[in-house]
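Engineer: For reference, the chains in residue letters:
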Amino acid sequence: MAGDGIDQRFGELARTGSRRLRNELVVDNQGLAIAFARRYRDRGVPSEDLEQVAMEALVRAVDRFDPSRGIRFSTFAARTIEGDLKQYFRDRTWDVHVPRGAKELASTVQAAIGTLTQRLGRVPTPADLAAELGVDVADVTLALDASSAYRSERLDALERPVAADSATPDFERVDARVVAPTLLARLPDDEREIVELRFFAELTQSQIAERVGVSQMQISRVLRRALDRLRRESEPL
Amino acid sequence: MVSSVPPATDAARVDVAVPAATEYLQLLRLNVAALAAASFDVDEIEDLKIAVEELVSPLLSIEDAAAELHLSIVLDEQTLAVTGERRWSERRELTLAEYVPTILDAVVDDYELDATDDAARFRFEKRVRGG
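Chains as they are written, first to last, in our numbering: chain G, 1 to 237; chain X, 1001 to 1131.
The hints are simulated quantities; they were obtained by calculation from the structure and are not laboratory data.
It is possible that part of the hints are untrue.
If you only want the chain X side, here are some residues facing chain G, beta carbon under 7 Å, derived [what the hints assert, rightly or not]:
{"#": "1", "residue": "A1017"}
{"#": "2", "residue": "P1019"}
{"#": "3", "residue": "A1021"}
{"#": "4", "residue": "A1037"}
{"#": "5", "residue": "V1042"}
{"#": "6", "residue": "E1046"}
{"#": "7", "residue": "T1102"}
Don't be surprised by glycine CBs; every beta carbon is placed ideally from N, CA and C.
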């Protein structure tokens, strides 16, 4: 049963790294993942996709659980699974607070950023974009914010690792060297790559976009999603 | 004796007070982005929004329905400075998650977070690139 000596089993997992024990812990608790996935049925997403997200979250919870923190595994896993399911829906929808006009302007602004960067030889300001498009600066500001609220997709461009053909992140600061593995280990591959390039190699979003072959706004979305995830997982239980 | 008069400046300033709740985070982010719009490029504005989220979030993590968050945003020729304050009746623990300093080091030039007996406060500054 999931509750029988579970702290001892996690203690053993931490000591031995046993793959068999890890798998057993996942199987013993998969009912929790399925129960949470069912709560999100009938929202236009296939049940098997939801179960997949929930199971991946459960595996992550098993890998990250630390019984010495005095939290029950079921509490920790439930929070991780529910957080990932909510994130899954947020990743595929517009933020409900985004005005329609801002959504429509967002794609125009995105195109104009590319055009103006080429023409000006620098990344444009919102004032540059407003002048180019003949709209108010406030509208551009709203559109830029709306764009980062649309979290549609993982970056297909990052299905392949980018670090291999990009500059090695410059971990000059001692703090960064210490924090980096902890920070990055919590993130999915595509988010980890972008976080590494922005916050450790300290490339700008536009530089990363150019390197990866996507728009600056897509990079903004990935960073926002990654930081949301880190913030959520750092909150005290 | 004549009092000294502060030199005239071209600084622009916005002061905002909102309930200390996460629903208002977007409003705060937009105020900062709006004031920065003429001087900072879109990369730098994304950095400013990240700094707002990372430094405001700790101040919103303490539950108190009556609490307000005051944000002051000042833009001069080369620098945008943002200060935030949330007052409280008793001092609380206020810590940044371990990864946050790394993020803030990358997105702003200077920042601080401070808790005293009467309030929690933060401040950050970002200079225009090449400014």
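Engineer: For every hint, state whether the structure bears it out.
Structural biologist: Checked hints:
The beta carbon of A1017/X is not positioned within 7 Å of any beta carbon in chain G (closest approach about 20 Å), and the interface hint is therefore violated. For P1019/X, the interface hint is violated, the least distance from its beta-carbon to any beta-carbon of chain G being 16 Å, above 7 Å. Taken as an interface hint, A1021/X does not check out: its beta carbon lies about 14 Å from the nearest beta carbon of chain G, beyond 7 Å. Hint status for A1037/X relative to chain G: holds, with the closest Cβ pair at about 4 Å, below 7 Å.
The beta carbon of V1042/X comes within 6 Å of a beta carbon in chain G, closer than 7 Å, and the hint placing it at the interface holds. Proximity of E1046/X to chain G holds as hinted, the smallest CB-CB distance being about 5 Å (cut-off 7 Å). A hinted interface residue such as T1102/X counts as satisfied when its beta carbon comes closer than 7 Å to some beta carbon of chain G; here the least separation is about 5 Å, so the hint holds.
The structure shown violates the earlier hints numbered 1, 2 and 3.
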